[in-house]
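Two chains, two frames, a set of hints: combine them into the complex.
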Amino acid sequence: MDIQKALSDLQAQMQELRDGTQNKLSMVVFSGDLDRLLASFVIANGAVAMGMEVVMFFTFWATPALRDKKKKGKGKDFFGKMFGFMLPKGPSKVTLSKMNMGGMGTGMMKYLMKKKNIQSLDEMIALAGELGVKMYVCEMSMDLMGLKHEEMIDYPDLQFVGVAKFLEEAGSSKIQLFI
Amino acid sequence: MADDIKVDVTMDLKGLKCPLPVVKVSQQVKKMQVGQVLVAETTDPGAHADFPAWAKTSGNEIINIVKEGDASKFFIKKLK
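Protein sequences appear in the order of chains A and B.
Counting in our numbering, the first sequence runs from 1 upward without gaps.
Counting in our numbering, the second sequence runs from 1 upward without gaps.
For the record, the hints were derived by calculation from the structure and aren't laboratory data.
Just so it is clear, CB atoms sit at the ideal spot from N, CA and C, and this is done for glycine as well.
A hint or two may mislead.
What the hints assert, rightly or not - Label pairs and their in silico Cβ distance ranges:
| hint | chain 1 | residue 1 | chain 2 | residue 2 | range |
| --- | --- | --- | --- | --- | --- |
| 1 | A | K74 | B | K31 | 42 to 48 Å |
| 2 | B | I63 | A | K115 | 47 to 53 Å |
| 3 | A | N23 | B | K31 | 17 to 23 Å |
| 4 | A | A39 | B | V34 | 31 to 37 Å |
| 5 | B | I63 | A | G20 | 33 to 39 Å |
| 6 | B | I63 | A | K70 | 47 to 53 Å |
| 7 | A | G162 | B | K31 | 27 to 33 Å |
| 8 | B | E68 | A | G162 | 50 to 56 Å |
So that you can see chain B by itself, here it is in the shape it has in the complex (with noise of 0.2 Å):
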């Protein structure tokens, strides 16, 4: 499924504690357009709490998530 989406950024997030991956996130998001698609890379365990809690207060969309060993890609749509 993860092949089909069209990815506009990629961020490696990897390494990066709390809270930057949000704080990066963020901050990415807010230069894109509504309806791209990003990918953020992280090895942040706590990130499967953190981005799911972002968006939904942002008001953006998780729509995939692929995880590969320690690391975990997070598919966020941006929608507004």
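So that you can see chain A by itself, here it is in the shape it has in the complex (with noise of 0.2 Å):
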């Protein structure tokens, strides 16, 4: 066996992985709960802060907690509309996952973090913005719940994509997360 040979194939090996794996953090956000989409933002936005690269892609229930409220979405069939009305319009609508007793432990929730100043889902999704964190928002789940891209929230860094870009981006990251 030729050791030079083996060396060289092991030094390209590492190179490659080397090569292949950014500082960079991929996110799947799948739940539209107030708490997971803190959690995710509150990661993102320090994530930036820790040097890394930020991918999040937005998925399933998550998909409207990115309306905006203020938008309409045009020529909506009848499911689209009965989704569009039953899902929450937007950061601001979305409800806690545990204690939301019909939306009193949301608002609580919401002023206890007023209080204690911590930031909002609000806030902290414009400063994702800024901090130049990418949103990916999954085209089948704007599709299958009948959302229309400009009822969507304006975000400097935001694209409509497939799970193929998702997986690019994943395999390139160092962590991969699901929330």
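Here it is, written out as structure tokens:
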């Protein structure tokens, strides 16, 4: 066996591994619960501070949480209208996964957050935008729930993508999370 | 000892909660020159774990920590 060749092969493989992984965090945001969304954005904004590039992929219940309450989607069919009516309209309308108690629990949590000077979800999203956090929104979830591109929030770096785009980013990331 | 250190920038981060202290500090440090010192004053108890973790990851150094009641001053030297 040629030791020299084996060594150079190994070196090449190491280099490939090193090049393949970037200082990046990829997150699937699946949940549309206020608590999980808060956690997602605290981690995302913290990761930028730690010098990482951050990509968030919004799918399923997290998708309607990115709607803008002042905007309207045009040309929806019956199911689209139903979904549009039943799903929370944006970051200020999402509720806690536990202790919501018909909105009372969520209201109390928001009151406490304000009192304790913790950023609201809206503020965290705005900060993420300033910090350059990339948002990918699952096109299939949009289609399934009848959501329209024009009714989503104004965000500096928001794209509508499929799963392959997320997997490409996740594959070259140091950390991958599913929330 | 704290008196001997030449401070270039001071930040008042009192009252801010996680992750804002590290976010603000990392943004400020980006604007500074290598070798300059930033003093960040915070009341976030988590900062005692977070600032060293941030410094280690970002390759900067915490050269001193001064506790004053609920607040702590972190002296951060930009190394790169």
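Comparing the hints with the structure gives:
no., hint, result
1, A:K74 - B:K31: 42 to 48 Å, "holds, 43 Å"
2, B:I63 - A:K115: 47 to 53 Å, "violated, 35 Å"
3, A:N23 - B:K31: 17 to 23 Å, "holds, 20 Å"
4, A:A39 - B:V34: 31 to 37 Å, "holds, 34 Å"
5, B:I63 - A:G20: 33 to 39 Å, "holds, 36 Å"
6, B:I63 - A:K70: 47 to 53 Å, "holds, 48 Å"
7, A:G162 - B:K31: 27 to 33 Å, "violated, 38 Å"
8, B:E68 - A:G162: 50 to 56 Å, "holds, 53 Å"
Hint compliance for this structure: hints 2 and 7 are not met, and every other hint is.
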